[in-house]
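A.B. asks: Single-letter residue listing:
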Amino acid sequence: MNKLRLLLPSEGALSEGALNLLEKNNISVIKEKSRKYIGYIKGMNVDVLFQRSSDITEEVESGNGDLGIVGLDRYYEYRKNSESTGVIIQNLGFGDAKLVLACPNSWLDVSYLSDLSDVAIQLRNKGLDLRIATKYPKLVRNFLKQAGVNYFVLVSASGGFEAAPILGYADMIADITVTGTTIRDNDLKILKDGIVFESQASLIGKKTLIPEGLIASQDLKKIINEILNYKF
Amino acid sequence: MEKLPQPIQILKQFLDRDQNSVNLVKESSDLVQNFLDSCGYISIDTPIVERTDLFIRKASGDISSQLYTFEDPEGISVSLRPDFTASVIRSLGNSGLLNDEDSIKVRYSGPVFRFFSDDSSLRQFNQVGAEFFGSKSNKADSELIELANGSIRELGLDSLEIRVGHIGVLSDLLSHFNLPSRAKLFLINEFSLVGKSYGLEQILNKAKNQNLLNGNFNFLDELQISSKKTNDLEKLNQELTTKLENKIENPLGSRSIQDIRERIIEKIISRTSFKDFSEATQSLLGLMELDGSLENIKKYFKKRNINSSEVEKLEEIIDGVSEKDKVVIDLNVTRNLAYYTGMVFDIFYNNSDDSLIIGGGGRYDELPKNLGYQYNSGALGFAFNIDLVSEIMGKE
Numbered sequence: 140m141n142k143l144r145l146l147l148p149s150e151g152a153l154s155e156g157a158l159n160l161l162e163k164n165n166i167s168v169i170k171e172k173s174r175k176y177i178g179y180i181k182g183m184n185v186d187v188l189f190q191r192s193s194d195i196t197e198e199v200e201s202g203n204g205d206l207g208i209v210g211l212d213r214y215y216e217y218r219k220n221s222e223s224t225g226v227i228i229q230n231l232g233f234g235d236a237k238l239v240l241a242c243p244n245s246w247l248d249v250s251y252l253s254d255l256s257d258v259a260i261q262l263r264n265k266g267l268d269l270r271i272a273t274k275y276p277k278l279v280r281n282f283l284k285q286a287g288v289n290y291f292v293l294v295s296a297s298g299g300f301e302a303a304p305i306l307g308y309a310d311m312i313a314d315i316t317v318t319g320t321t322i323r324d325n326d327l328k329i330l331k332d333g334i335v336f337e338s339q340a341s342l343i344g345k346k347t348l349i350p351e352g353l354i355a356s357q358d359l360k361k362i363i364n365e366i367l368n369y370k371f
Numbered sequence: 400m401e402k403l404p405q406p407i408q409i410l411k412q413f414l415d416r417d418q419n420s421v422n423l424v425k426e427s428s429d430l431v432q433n434f435l436d437s438c439g440y441i442s443i444d445t446p447i448v449e450r451t452d453l454f455i456r457k458a459s460g461d462i463s464s465q466l467y468t469f470e471d472p473e474g475i476s477v478s479l480r481p482d483f484t485a486s487v488i489r490s491l492g493n494s495g496l497l498n499d500e501d502s503i504k505v506r507y508s509g510p511v512f513r514f515f516s517d518d519s520s521l522r523q524f525n526q527v528g529a530e531f532f533g534s535k536s537n538k539a540d541s542e543l544i545e546l547a548n549g550s551i552r553e554l555g556l557d558s559l560e561i562r563v564g565h566i567g568v569l570s571d572l573l574s575h576f577n578l579p580s581r582a583k584l585f586l587i588n589e590f591s592l593v594g595k596s597y598g599l600e601q602i603l604n605k606a607k608n609q610n611l612l613n614g615n616f617n618f619l620d621e622l623q624i625s626s627k628k629t630n631d632l633e634k635l636n637q638e639l640t641t642k643l644e645n646k647i648e649n650p651l652g653s654r655s656i657q658d659i660r661e662r663i664i665e666k667i668i669s670r671t672s673f674k675d676f677s678e679a680t681q682s683l684l685g686l687m688e689l690d691g692s693l694e695n696i697k698k699y700f701k702k703r704n705i706n707s708s709e710v711e712k713l714e715e716i717i718d719g720v721s722e723k724d725k726v727v728i729d730l731n732v733t734r735n736l737a738y739y740t741g742m743v744f745d746i747f748y749n750n751s752d753d754s755l756i757i758g759g760g761g762r763y764d765e766l767p768k769n770l771g772y773q774y775n776s777g778a779l780g781f782a783f784n785i786d787l788v789s790e791i792m793g794k795e
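So the protein lines, in turn, are chains A and B.
So the first sequence is numbered by the numbering used here: it starts at 140 and just counts up by one.
So the second sequence is numbered by the numbering used here: it starts at 400 and just counts up by one.
One chain only, chain A, in its complex shape (with noise of 0.2 Å):
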C-alpha cells in the first residue's frame, strides 16, 4: 500500500516548530536511527521526510512528497504553478516572519514607497539602478510592481547579507526579519510601508490530494486522517 509522505524541515526553528506541532497533536514522529532524514508516524500510514526549508515547495510539486510544512513566504516564492499544490492550514502558529524592505539610514528622505519610486526614477534619470538584495525576487518583484516602484534591479544573495549597502553591491534589501535587530545594527531602517510579506508556517500539499470540503482546522491528526482515507 502506498504511503503517505509528509515532508518537513530538516533544521533551524522551523524544524524544531514542526516537531513541537505534531506532538502537540499527539502524533509521535519515529526517526530510524540510521538513516537521519527518513522517519514515519507511528500508528499510521505516513513516511516523514527531512528536508531543506528550501527544497520543499519544489518536492511537494514535484511528487517527490504528497503533504509539506513550510514557511508561507518560501511556498510562494519558490512555486512554480499554482494548480498543482495548494495551502491546507495557513497558519500553523509558529514561524512567524516578515519580509521587509529596507533602505540605508541616511535615505533621510525615504520613509514610505511612494519615496522609493520617486528615488528609482531620480537613479534612472542618472543612468543609475536601484539595487536591492534579496532571496525572495519573486515576492519582491510583485510587490513593488503593485506599489508603482518600476525601476529597480534584483541582486541574488544569500547568507547574512544586510551588510549588501555597506559592502557597497546593493543599495536596499528585502530580507526576513523577526525582531529587525540586525537590520537596525547595519544602519538600515525599514520603510513604514514596506512590509512585503508576512509569513508563518503552513501546511501545503498536492491539490489531487486535498479531499472537496476539507474544512482547514488546526486538527492536524483528523487533517492527515482525512486525506489518508480519501486518497490511500
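To be clear, the hints were calculated from the coordinates, so they are not data collected in a lab.
Every residue, glycine too, gets a C-beta built ideally from N, C-alpha and C.
Treat the hints loosely; a few may be bogus.
Footprint (simulated), chain A over chain B, 3 or more residues, beta carbon under 8 Å [what the hints assert, rightly or not]:
1. 652-659
2. 662-675
Among the chain A residues that face chain B by a calculated CB cut under 7 Å, a handful are [said to hold, decoys possible]:
3. Ser245
4. Leu247
5. Tyr251
6. Ser253
7. Leu262
8. Asn264
9. Leu267
10. Lys284
11. Asp310
12. Asn368
Using the hints, position chain B against chain A.
C.D. replies: This is chain B only, laid out in the frame that chain A set:
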C-alpha cells in the same frame, strides 16, 4: 492501459477559438480596418515583444503590474505588448517618420496581453486601432471621435455610445487649488471613481494610504532645519547642504548627498495640505454631479470665477463632430492612465443587463517626448477590443 503523461491544460483566462469565433473576430476586425483605410490610415505592424522599458516609460504603475515580463535568452528584460501605442511611436520615431513637418495616420490590429488579476477578463485579446500624429487642433479631436463613430456605424452596432471627457477641463478646475502635480494626477486618476462607488471620505482615505497627505517630515526636525517653507529655497538649500554633510554617514548606496538634498527640496515643494486637497476633491465631486451638458459645466466654472479655455476647447471639439447621435459628454471618463492630456473617450456598450467598455482613446501630446522623441505636434489615438466587439456582433 498504457500510462500517458497528464495532458497540458490551457492557461487561465486564455481562449481557444473555433472557426465561428475566428471568423467573427476577423469579420469585425476587417470592417473597422477597411473603414480606417478609407479614411486614409495606412497600416503598420510592430513586434509583440518589446523591451520592458518601452511600456514602463509610457505608463503609470497601473499597467506595469499587468505586464507579462520575462528575461529573453540573452538576459534582456522584455514584455508582451499591453497595447500598440508605445510600439507605434517607437517605430515611427526611430524611422524618422515622426517629425514636426508631416502628419501621419496609421492603423494597426493584433493581439495584446495584460495580466488582469480578476477572473472575468481575458488576458490576451485583439485590438484594432488608429493613431493620428501631427495636429494639436480641436479639429483633430473631432476627427478621432468621428472615426470611432464611423467604425461603430460600419459594425452596425446601435447599442454603442461614445462618452467624451476632457482631462484639461479637470486640470483647469484643479489649477485653482494650491496642489502639487502629484496630488493633481492622483485626483484625476481617481476621478472616474469619485461619486460612483466613492465619496469624499473614501478619496481622502485613499490619498492618506498612498501617503499623499502625510509624507514623513520628521527628519527636518532631527536635522534642526529652520526653513521648512518653500518661500526661501535658497536658504533651505544652504542649510541642508551644511547639515546633511555633517549628519550623513555611510552607507549611501548609489545616491549622493546632493541627490538626497535635491529630493528633500522637491518633497517639501510638493507637500500637500489637507485643506487644499479636500476642497479640490469636493469641487471635483460637484463637477461630476452635473448632468454633463456643456451649459451646466460652463455655469459651474463661471460661478467659481474660473475662466477655462479647456471647456471652450471641449465645446469646439463636440461642435466639430458631424454626427453626434452616439456622442455624450461625461467628465467622469478619465481612462485612468496618466499619459492622457486632453480629450478622452470610452466606447460603451449598453444593453439591459450589461454595460461595458469595449474601446476608447484620446489625446496624449506628451507621450512621444516621454519616450524620448523630439516631437511637439500632437498625438491622438483610439482602439477597440475587437474580441468584445465580435462577441456583441455574435449576439445581435
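A.B. asks: A separate judgement is required for each hint: does it hold in the structure or not?
C.D. replies: Status of each hint after checking the structure:
no., hint, result
1, 652-659, "holds (count 5)"
2, 662-675, "holds (count 4)"
3, Ser245, "holds, 5 Å"
4, Leu247, "holds, 4 Å"
5, Tyr251, "holds, 4 Å"
6, Ser253, "holds, 5 Å"
7, Leu262, "holds, 6 Å"
8, Asn264, "violated, 10 Å"
9, Leu267, "holds, 5 Å"
10, Lys284, "holds, 4 Å"
11, Asp310, "holds, 3 Å"
12, Asn368, "violated, 24 Å"
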